[in-house]
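S.K.: So the chains spell out like this:
Protein chains: 4
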Amino acid sequence: MHPNTAFEKNHLIRFHHCDPAGIVFYPEYLVIIDELVEDWFIEGMGTSFADLHMNDRIGVPAARIEVDFIAPSKIGDILCLSLLVTRLGNKSFTIRVEGRVGEQVRMRAILVRVVAGLDGLHGITIPPALRERLRRFLAADGVDLLEAQQA
Amino acid sequence: MHPNTAFEKNHLIRFHHCDPAGIVFYPEYLVIIDELVEDWFIEGMGTSFADLHMNDRIGVPAARIEVDFIAPSKIGDILCLSLLVTRLGNKSFTIRVEGRVGEQVRMRAILVRVVAGLDGLHGITIPPALRERLRRFLAADGVDLLEAQQA
Amino acid sequence: MHPNTAFEKNHLIRFHHCDPAGIVFYPEYLVIIDELVEDWFIEGMGTSFADLHMNDRIGVPAARIEVDFIAPSKIGDILCLSLLVTRLGNKSFTIRVEGRVGEQVRMRAILVRVVAGLDGLHGITIPPALRERLRRFLAADGVDLLEAQQA
Amino acid sequence: MHPNTAFEKNHLIRFHHCDPAGIVFYPEYLVIIDELVEDWFIEGMGTSFADLHMNDRIGVPAARIEVDFIAPSKIGDILCLSLLVTRLGNKSFTIRVEGRVGEQVRMRAILVRVVAGLDGLHGITIPPALRERLRRFLAADGVDLLEAQQA
Numbered sequence: 001m002h003p004n005t006a007f008e009k010n011h012l013i014r015f016h017h018c019d020p021a022g023i024v025f026y027p028e029y030l031v032i033i034d035e036l037v038e039d040w041f042i043e044g045m046g047t048s049f050a051d052l053h054m055n056d057r058i059g060v061p062a063a064r065i066e067v068d069f070i071a072p073s074k075i076g077d078i079l080c081l082s083l084l085v086t087r088l089g090n091k092s093f094t095i096r097v098e099g100r101v102g103e104q105v106r107m108r109a110i111l112v113r114v115v116a117g118l119d120g121l122h123g124i125t126i127p128p129a130l131r132e133r134l135r136r137f138l139a140a141d142g143v144d145l146l147e148a149q150q151a
Numbered sequence: 001m002h003p004n005t006a007f008e009k010n011h012l013i014r015f016h017h018c019d020p021a022g023i024v025f026y027p028e029y030l031v032i033i034d035e036l037v038e039d040w041f042i043e044g045m046g047t048s049f050a051d052l053h054m055n056d057r058i059g060v061p062a063a064r065i066e067v068d069f070i071a072p073s074k075i076g077d078i079l080c081l082s083l084l085v086t087r088l089g090n091k092s093f094t095i096r097v098e099g100r101v102g103e104q105v106r107m108r109a110i111l112v113r114v115v116a117g118l119d120g121l122h123g124i125t126i127p128p129a130l131r132e133r134l135r136r137f138l139a140a141d142g143v144d145l146l147e148a149q150q151a
Numbered sequence: 001m002h003p004n005t006a007f008e009k010n011h012l013i014r015f016h017h018c019d020p021a022g023i024v025f026y027p028e029y030l031v032i033i034d035e036l037v038e039d040w041f042i043e044g045m046g047t048s049f050a051d052l053h054m055n056d057r058i059g060v061p062a063a064r065i066e067v068d069f070i071a072p073s074k075i076g077d078i079l080c081l082s083l084l085v086t087r088l089g090n091k092s093f094t095i096r097v098e099g100r101v102g103e104q105v106r107m108r109a110i111l112v113r114v115v116a117g118l119d120g121l122h123g124i125t126i127p128p129a130l131r132e133r134l135r136r137f138l139a140a141d142g143v144d145l146l147e148a149q150q151a
Numbered sequence: 001m002h003p004n005t006a007f008e009k010n011h012l013i014r015f016h017h018c019d020p021a022g023i024v025f026y027p028e029y030l031v032i033i034d035e036l037v038e039d040w041f042i043e044g045m046g047t048s049f050a051d052l053h054m055n056d057r058i059g060v061p062a063a064r065i066e067v068d069f070i071a072p073s074k075i076g077d078i079l080c081l082s083l084l085v086t087r088l089g090n091k092s093f094t095i096r097v098e099g100r101v102g103e104q105v106r107m108r109a110i111l112v113r114v115v116a117g118l119d120g121l122h123g124i125t126i127p128p129a130l131r132e133r134l135r136r137f138l139a140a141d142g143v144d145l146l147e148a149q150q151a
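Residue numbers (the UniProt record's numbering), protein chains in the order written: chain A, 1 to 151; chain B, 1 to 151; chain C, 1 to 151; chain D, 1 to 151.
Extracted from the complex, chain A is given alone in its bound form (with noise of 0.2 Å):
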C-alpha cells in the first residue's frame, strides 16, 4: 500500500479550448493534461521539464494514451484535476488522470511516459532523485517494479 496524496489543481476551460458544439475539443483535453503533468514536475515534484531539458537532456514523451471522455465541458468550467502514479517502471511511468467538475467525472485518462535522452529519444533508466520524486505521488494501488524486483 502506497497511501500517498494526489496531485491537484484546477483549471479554467477556455474559450480557445471549445468547438462549435461549444464542448471543450477532446485533443486540447491532451493539452490541458500536459499542463498538468508539467505543474506537476514544478510545484509537486520540485523540478521542471526546463530544468530536465535544459540541464539533464531528458524529457518526457508519451508512449501510450487512454482517455474517456465522460461528460462534456464547456466554458466557464473550473476542472479539478487530479493525478496519481500507478507504475513506476524501470524506464517509464504510468500516470491516472481524472477530471471533474464537482462530483461529475468529466474525464479519465491514463498515460505513459518515458523517460528519455533529448538527444537519441531512446528510452533512460528513470535517475534515481526523479524516481524519488515520482514515488511520493504512487497511489495506494500504484506499482513499484523495482520494488517489487527486490521484494
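Source of the hints: derived by calculation from the structure; they are not laboratory data.
Keep in mind that the hints are not guaranteed to be accurate.
Repeated chains share a single entry, so a pair holds when one copy, or any two copies, can fit it.
[What the hints assert, rightly or not] Only pairs whose alpha carbons sit at most 20 Å apart, straight line, appear in this in silico SDA-like list of lysine to any residue: (1) K91 - I110; (2) K91 - N55; (3) K74 - A63; (4) K74 - G22.
Note that the coordinates shown come from a computational prediction; the quantities given were computed from them, not determined experimentally.
Place chains B, C and D on chain A using the hints.
M.R.: For chains B, C and D alone, kept in the frame of chain A given last:
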C-alpha cells in the same frame, strides 16, 4: 468477413506539429487524426462535418481514445495514415487508425466516436444513410452490431 | 489623462508553446494573449467570456492584430504580461499588450476586438456596463471616443 | 516592376479551426498562414523548413505580424490563399498574404520573417540560393533592398 478497403491519406509532418525535442507533440497527433476523420467524411463517404453540423445538427464527439506512440515522427516526414471501422454500434462507432512512414509504424490509435445531437449532446441512433456509408469501411475483423443482432 | 492601472498577469512559457527551435511558436503568443484577455474579463472586470457568451449572447472577436516579436522566449520563462485599453469606440475597443521577462521586452501587441452578437456576427454598441468596466483600464494616452464626441 | 506570380493554395476550414461562435478562432489563421509558408517553401521554392532546419541549421521566425480579419470564415469554407514577397531585405523578408472565398476577402496579413541561425537565434544574411528563390515571388510593388542599394 467485411473485405473493405481502408481510407488512406498522406499527412505532412509540419514545423508546428513538433516540440522542442524536434518530434511531433503527441496531442498534435490527435488533431492530425481529427483531420483524417474529417477528410474521410468528405472524400471517403461523400458527406462532411459541415453538412452534419449545419444541416443535420449532429456531431461526432469522441467518447474514448487510445493511442500508442510507437516511433517518433519529425518535421518533413510524410505520414501514411489508414483508417478502418472496427465496430459499428447503434449510436457510436469505433475506428482504428495507423500511421506509417514506409514500413515503420509510428502510431496506432483506436477512437470511439458518438453520433450526437448538437443541442442536447446526447447520443442518437446513427442515421441509416450515414450507417450505410460507415459500413463501406468496416474492417475484415470488424463488427456491425445491428447485423450481429439480426443474425 | 486617464491615469489607470494596467491589468497584469504572469504566464509560464510551457513545453507545448515551443517549437523545434526551442522558442515560443508565434501563433501560441496569440493564444497566450487570448488567455490574458479572458483573465482580464474575469479578474479585472468581474465579468467573463462565459457570461457574455451564454447570457448576453455576445462575443469579442478580433478585427485586427499587430504583434512585434522582439526577443524569443523559452520554456520555463515567466512572461509578465500587461494590458491597457488604448481606444474605446462605439462597437469596438483596442488594447495594447506587452510581455516582459525582467526588464527585457519580449513581445508587444495591439488588438482590436469587436463587441458582436453571437448569432449575426455583426458589431453591436458596447453595453454601458461593459463600457464602464473597460474604461477603468484606459491608458493615460488612451482615447474614449464617446467622451471625445461629447467634449 | 516585378511582374511575378503569387503562390496560391486552397485551405479547407476545418472543425478544429473554429470556436464556439462557429467561426475561425483567429490564432488558427496564423497556423494556417504558417502552413501556407511551409507549402510555399516546398512547392513554390523547391526547398523546405525540414531542409533548412536539419541541413542548414536555419529557421525563419516571425519578427512582426499584422492581420486584418475582414469577414468570418466557417467550417467547410475553402479559403483561397495567395502569398507575395513585398520586401526582400538583407536578413529578413516581408510577405503579404490574402485569404478569399470567392470574391470576398476574409483576411489580409503582413508577416516579417527573419532568416536566423537555429543555435544563436540571431539574424543572418539570407543565403544567395534562398534569396534567388524568394525573388521569384516579389510583388509588382515589392522592394528588393539589395537591388535598390546597387541601383
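S.K.: Against each hint, give a clear statement of whether it holds in the structure.
M.R.: Okay, the hints, checked on the actual structure:
Taking the shortest Cα distances, K91 and I110 sit within 20 Å of each other inside one copy (17 Å), while across copies they are farther apart (25 Å). Only within a single protomer do K91 and N55 lie at most 20 Å apart by alpha-carbon distance; the minimum there is 19 Å, versus 31 Å between protomers. When the C-alpha separation of K74 and A63 is checked against a cutoff of 20 Å, the pair qualifies only between copies, where the shortest distance is 16 Å, while the shortest distance within a copy is 29 Å. Taking the shortest Cα distances, K74 and G22 sit within 20 Å of each other both inside one copy (6 Å) and across copies (15 Å).
In terms of the numbered hints stated before, the structure departs from none.
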